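Just so you know, the protein sequences line up as chains A and B, in that order.
So the first sequence is residues 1 to 207, counted in the working numbering.
So the second sequence is residues 208 to 380, counted in the working numbering.
Since the hints were derived computationally from the structure, they do not count as laboratory data.
Model, not experiment: these values are computed from the prediction.
Glycine included, C-beta positions come from ideal geometry on N, C-alpha and C.
Please note that a few of the clues may not be correct.
To be verified - Taking beta-carbon pairs under 8 Å as the criterion, some of the chain B residues facing chain A (in silico):
(1) 213
(2) 246
(3) 250
(4) 314
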Amino acid sequence: MNEPIKDSNSPDIDKNISDALRNLKPRAPQLDWAAIHAAQHSDGSDTAVMANRPLSLLPVARSTVTWLSGIALGAAITFCSMQWFVLNDLRNRIQALEQSLADSSQGSASDHSVVDQTVSGYDNFFDPTDVLDSSNLTPALYRGGRDNRMRPKSIDIPPEFSEKENARELHRPLKKNLEVESDSDMVFEDSVKNQWRLLKEMEPKID
Amino acid sequence: MARIAEPELKRLVEELGPSLVLFARQWCSYPDDALQEALIELVQKDPIPCSPKAWLFRVVRNKAMNQSRSERRRAKHESVIAESDRWFEPDTGSRIDAAQAIVWLEQLPDIQRQIVTARIWGELTFEQIAEVVDRPTATVFRFYREAIETLRKRVNWCNENATVMNRNQGKGL
Chain A
1 MNEPIKDSNS PDIDKNISDA LRNLKPRAPQ LDWAAIHAAQ HSDGSDTAVM ANRPLSLLPV
61 ARSTVTWLSG IALGAAITFC SMQWFVLNDL RNRIQALEQS LADSSQGSAS DHSVVDQTVS
121 GYDNFFDPTD VLDSSNLTPA LYRGGRDNRM RPKSIDIPPE FSEKENAREL HRPLKKNLEV
181 ESDSDMVFED SVKNQWRLLK EMEPKID
Chain B
208 MARIAEPELK RLVEELGPSL VLFARQWCSY PDDALQEALI ELVQKDPIPC SPKAWLFRVV
268 RNKAMNQSRS ERRRAKHESV IAESDRWFEP DTGSRIDAAQ AIVWLEQLPD IQRQIVTARI
328 WGELTFEQIA EVVDRPTATV FRFYREAIET LRKRVNWCNE NATVMNRNQG KGL
């Protein structure tokens with residue numbers, strides 16, 4: 001190795017001092033040569049064995065931690081991206097709903113029942129006197145008329161039956177009749193008519 | 208790729224052993240142990256370092272510093288300086304007194320003392336010293352010049368005092 005800086009540039013006094021110091025001989029070391037020879041002729045130290053072991057604990061643990069941290073990081077990124085997409089979709093849906101609601105409110109601004117949805121407006125929308133004053137007050141109207149199938153049909157009072165028929169109808173189990181005749185609305189209607197007639201007949205007896 | 212041969216090892220120890228012990232003594236009170244551990248590490252090293260000389264100084268330095276940390280935990284009454292007379296071999300014929308040189312070396316800053324020891328007794332180049340102490344070569348050279356200048360002033364001061372004392376003794380004062 002070349003020495004770029006030489007002591008030749010130093011003054012003589014410095015060289016004299018360095019020479020004078022160099023003349024002081026440091027004490028020789030006292031070494032345990034047996035230990036050095038033993039180490040020299042040994043096949044390998046423990047540290048060398050540890051370093052050359054292919055599956056030592058430290059590298060395996062290190063790689064395991066690296067893999068686990070990588071997997072955890074990937075899972076976290078996937079979860080966050082999914083959350084972002086879901087939230088973005090929800091926001092778009094809400095905006096679309098708001099937009100459609102705004103459009104519908106603008107389109108039917110004259111409809112008082114739709115536009116005015118406040119508490120004060122609800123009073124104007126639902127006026128019980130209008131319902132009570134209605135001449136066509138029926139259970140179906142009370143239900144709002146939403147399900148016409150549930151609206152009861154008009155019941156006509158059937159003609160008078162003979163005593164024999166009355167007794168037969170009276171002793172026939174209602175539940176069985178319902179089960180048998182439940183397939184047809186007409187049959188059910190006849191059964192109701194009979195039941196109604198029988199009840200009418202029994203009214204004076206109860207009194 | 209092979210370990211160091213025994214003749215090469217003995218040559219290194221004969222050549223560098225005393226300077227390495229002196230170098231390690233700056234930090235610890237048992238420099239022989241630091242050198243012993245460094246030599247054991249050297250004979251087990253495969254392949255051998257490119258520059259065994261600089262490698263030995265660096266490893267001995269690290270071992271001595273580690274030993275110094277251990278010694279600090281021990282009782283302070285164990286004086287490290289008590290073995291100052293063992294730094295150098297007695298009666299070497301130098302015009303500088305060994306005890307005085309020890310005092311001067313101890314008064315130098317640590318980095319300057321390391322550089323002077325490695326340069327004068329270890330005979331390392333400034334580049335090798337720069338590797339050992341982890342400093343740029345120019346910085347190492349500047350520290351060496353400052354240390355030599357400091358030592359020169361002290362040597363001159365001692366010489367002047369000795370001259371004055373001799374003159375006074377000659378005059379019978």
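Open item on the list: Is the interface hint satisfied for residue 250 of chain B? The criterion is a beta-carbon contact with chain A at less than 8 Å.
Closed with: This interface hint holds because 4 Å falls under the 8 Å limit.
Task: Status of the hint placing residue 314 of chain B at chain A (closest C-beta pair under 8 Å) - done: violated, 14 Å
Open item on the list: Holds or violated: the hint that residue 213 of chain B contacts chain A, with Cβ atoms closer than 8 Å.
Closed with: Check passed: Cβ of residue 213 of chain B comes within 7 Å of chain A, closer than 8 Å.
Task: Interface restraint verdict for residue 246 of chain B against chain A (beta-carbon cut-off 8 Å) - done: Holds, because the Cβ-Cβ distance from residue 246 of chain B to chain A comes to roughly 5 Å (cut-off 8 Å).
Checked against the numbered hints above, the structure violates only hint 4.
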